[in-house]
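Colleague: Residue strings, one per chain:
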Amino acid sequence: MIGIIFGVIIPYIAFAIFVVGVVYKFIYWAKSAVPLKIPTTSGQQKSLKFIKRTIYDRFDSPYTKWETAVRMILEIFAFRSLLKNTRYYLDRLSQRDARWLWLFAILFHYCLLLVLIRHTKFFLEPVPSFVEMISELEAFKGVFIPSVYVSGVTIIAALFLLWFRRIFLSRERCISLPSDHFALLLLLAIVISGNVMRYFIKVDISAVKGLLLSLMAFNIPQAVEFANSIEPMFYIHFALGSFLLAYFPFSKLMHAGGIFFSPTRNMPNNNRAERHVNPWNPPYKGITWQEYYEAYKDQLDEIAESGYKVKPEVL
Amino acid sequence: MYHKKYVIPLIVVFLALAFSPLIYNAMAKSLGHYPEITKPKGECVESAEWMRANHMLLLQEWRINAIRHGAEGGRIYHSFTYGKEFHASTNTCWECHQDKTVFCDKCHNYVGIKPECWDCHWNPSLEIPVR
Ligand code: HEM
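Chains H and D supply the protein sequences, listed in that same order.
Here the first sequence is numbered in the working numbering, starting from 22 and rising by one per residue.
Here the second sequence is numbered in the working numbering, starting from 179 and rising by one per residue.
Keep in mind that the hints were calculated from the coordinates and are not lab data.
Do not take every clue at face value.
As the list claims (entries may be wrong) - Listed next, the in silico EDC-like pairs over lysine to aspartate or glutamate satisfying Cα-Cα at most 16 Å (straight line):
# : chain 1 : residue 1 : chain 2 : residue 2
1 : D       : K292      : H       : E295
2 : H       : K58       : H       : E295
3 : H       : K223      : D       : E224
Claimed, not checked - Covered stretches of chain H, going by a simulated chain D footprint (3 or more residues, C-beta under 8 Å):
# : stretch
4 : 40-47
5 : 159-167
6 : 221-230
7 : 237-244
Values in this document were obtained by computation on a predicted structure and should not be read as measured data.
The C-beta atom is built at its ideal place from N, Cα and C for all residues, glycine as well.
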């Protein structure tokens with residue numbers, strides 16, 4: 022029964038919510054207007070020819086689409102805006118640099134990337150060779166059986182550090198919402214249950230893969246058969262994982278997709294060269310000279326009499 | 179919807195990524211696949227369900243017991259399911275599982291792992307290079 026509910030029904034529902042939810046969010050965000058051009062920059066804007074711009078300026082204050090794209094890629098892979106956030110953290114008295122968020126975030130996200138890449142071995146048959154290679158590279162083999170995956174253990178530490186940051190730093194504690202803690206605790210529950218399952222309460226991984234492959238083939242009877250043979254420990258991890266999938270589009274975790282929509286990051290800083298039209302503006306309809314002249318005939322004639330030129334020269 | 183030029187490709191890329199395992203497996207024709215494992219008749223050291231999930235822990239226990247406590251009888255392992263006695267050694271497995279390639283390897287390839295034990299330990303499928 023546990024197998025059917027948490028192994029077959031809930032994963033399908035969760036995946037459907039995830040896909041529909043993310044697409045819905047993308048469309049929802051794409052529908053909202055950007056009234057102003059608001060790229061936050063920290064470099065010299067492109068201006069007159071004699072004002073020099075270094076390579077840093079080009080990517081900190083991008084002018085073309087390609088420069089913007091490079092800035093975006095750096096943001097995604099190096100979290101530069103977290104690193105730049107010095108003003109808030111520099112303690113006025115001691116001048117200690119405390120950009121913990123950047124350090125912990127980068128630790129967590131790269132571990133997550135490695136864990137998720139290694140997890141594809143449960144989904145892909147045959148297992149791609151680079152997935153096997155990554156697993157081999159980061160496994161401490163032979164010291165302990167089952168071999169210890171470095172990223173899988175580090176991710177627990179990284180999540181605890183991120184959480185301690187919210188608990189022990191007074192300013193962060195003050196601005197943390199329940200949902201901030203919840204996201205961290207959910208991820209912690211997932212990674213801890215994953216590690217417990219790997220090192221202590223083992224489950225039959227080949228049946229797990231069989232289950233996932235039959236779910237993908239929509240072969241329900243076979244999936245039910247596999248699902249019933251897997252130990253309950255797996256369903257703690259899998260149910261939490263499914264819950265994460267379903268929760269993802271509607272939570273702060275959706276920043277993974279939101280980064281592409283953030284106007285401060287994805288707009289080139291070409292305010293002076295290109296006009297940014299606010300899409301909220303009512304459609305603009307001008308009037309012709311003739312209509313204008315009709316409307317202010319008396320005044321215009323009066324002005325013209327005193328020797329001023331009122332009629333535009335080219336029409 | 180604004181910026182359709184960028185948003186629609188983004189959605190397409192997302193959908194392709196979300197369904198990439200399905201596409202990958204469909205192209206490899208391996209949907210719902212499970213390897214054919216050649217099993218001997220009879221009973222394993224412990225019950226087959228337990229072995230499928232825990233055989234690596236068993237081997238670890240045997241390794242520790244044999245190497246650290248071998249003189250005090252650590253080499254003797256009592257099966258807790260069947261109560262039989264086994265000699266704690268990697269070679270014990272080969273008494274019944276006589277071919278590594280159709281048993282251990284089939285399953286390990288399926289889940290994408292390569293235990294390094296056979297760099298040093300003997301196994302029946304070992305190809306001894308002819309001098
Ligand atoms: C919903 C799909 C998921 C499935 C089917 C799944 C399955 C598994 C399985 C079977 C293991 C045991 C690995 C082994 O014994 O070799 C495991 C471990 C683990 N899982 Fe997951 N998992 C899922 C989602 C996640 C997510 C979303 C995360 C991260 C947030 C995660 C983090 C971990 C970690 C850290 C381990 C510890 C071992 C390692 O590093 O590989 N899992 N998972």
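Colleague: Okay, which hints does this one fail, numbers in order?
Modeller: 1
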